[in-house]
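Enquirer: Sequence:
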Amino acid sequence: MWELLTGDEPYKDMHCASIIGGIVNSTLRPQIPTWCDPEWKSLMESSWDSDPAVRPSFPEIAQKLRNMAAAMNLK
1 MWELLTGDEP YKDMHCASII GGIVNSTLRP QIPTWCDPEW KSLMESSWDS DPAVRPSFPE
61 IAQKLRNMAA AMNLK
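Residue numbers for the sequence shown, in my numbering: 1 to 75.
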């Protein structure tokens, strides 16, 4: 999915052991492109918070996505 959005393969410059370690420790996140809209970046980063209590709930994420779509005149 990430490759479709960015045109780039995630973690392409990392060794397999580093990728596995990052996944196991919940610290590995794809690099967000500099051209990414700040609102999308904020939503991604808040969803990746290491503290699950700080992460937005699925209903909160869905509402933010609806708001962002409405702001772009999408349905």
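No lab work stands behind these hints: they were computed from the structure. Keep in mind that a hint or two might mislead.
[Said to hold, decoys possible] The calculated label-pair distances, taken between Cβ atoms and stated as ranges, are:
| id | residue 1 | residue 2 | range |
| --- | --- | --- | --- |
| 1 | Val54 | Pro30 | 33 to 41 Å |
| 2 | Ile32 | Met72 | 14 to 22 Å |
| 3 | Ser57 | Asp8 | 25 to 33 Å |
| 4 | Asn73 | Ala53 | 17 to 25 Å |
| 5 | Pro30 | Pro56 | 24 to 32 Å |
[Stated by the list, open to error] The calculated SDA-like cross-link candidates involving lysine to any residue, where the alpha carbons are at most 25 Å apart (straight line), are:
| id | residue 1 | residue 2 |
| --- | --- | --- |
| 6 | Lys64 | Ile32 |
| 7 | Lys41 | Ser57 |
| 8 | Lys41 | Arg66 |
| 9 | Lys64 | Pro33 |
| 10 | Lys64 | Trp48 |
| 11 | Lys64 | Glu45 |
| 12 | Lys41 | Pro52 |
| 13 | Lys41 | Ala71 |
| 14 | Lys41 | Met68 |
| 15 | Lys41 | Val54 |
| 16 | Lys64 | Pro38 |
| 17 | Lys64 | Ser46 |
| 18 | Lys41 | Ala70 |
| 19 | Lys64 | Gln31 |
| 20 | Lys64 | Pro30 |
| 21 | Lys41 | Pro59 |
| 22 | Lys41 | Pro56 |
| 23 | Lys41 | Ala69 |
| 24 | Lys64 | Trp35 |
| 25 | Lys41 | Glu60 |
| 26 | Lys41 | Met72 |
| 27 | Lys64 | Trp40 |
| 28 | Lys64 | Asp37 |
| 29 | Lys41 | Asp51 |
| 30 | Lys64 | Pro52 |
Because the structure is a prediction, the values reported are computed rather than measured. The C-beta atom is built at its ideal place from N, Cα and C for all residues, glycine as well.
Enquirer: Find the hints from earlier in the document that the structure breaks and name them by number, from lowest to highest.
Expert: Structure breaks hints 1, 4, 5.
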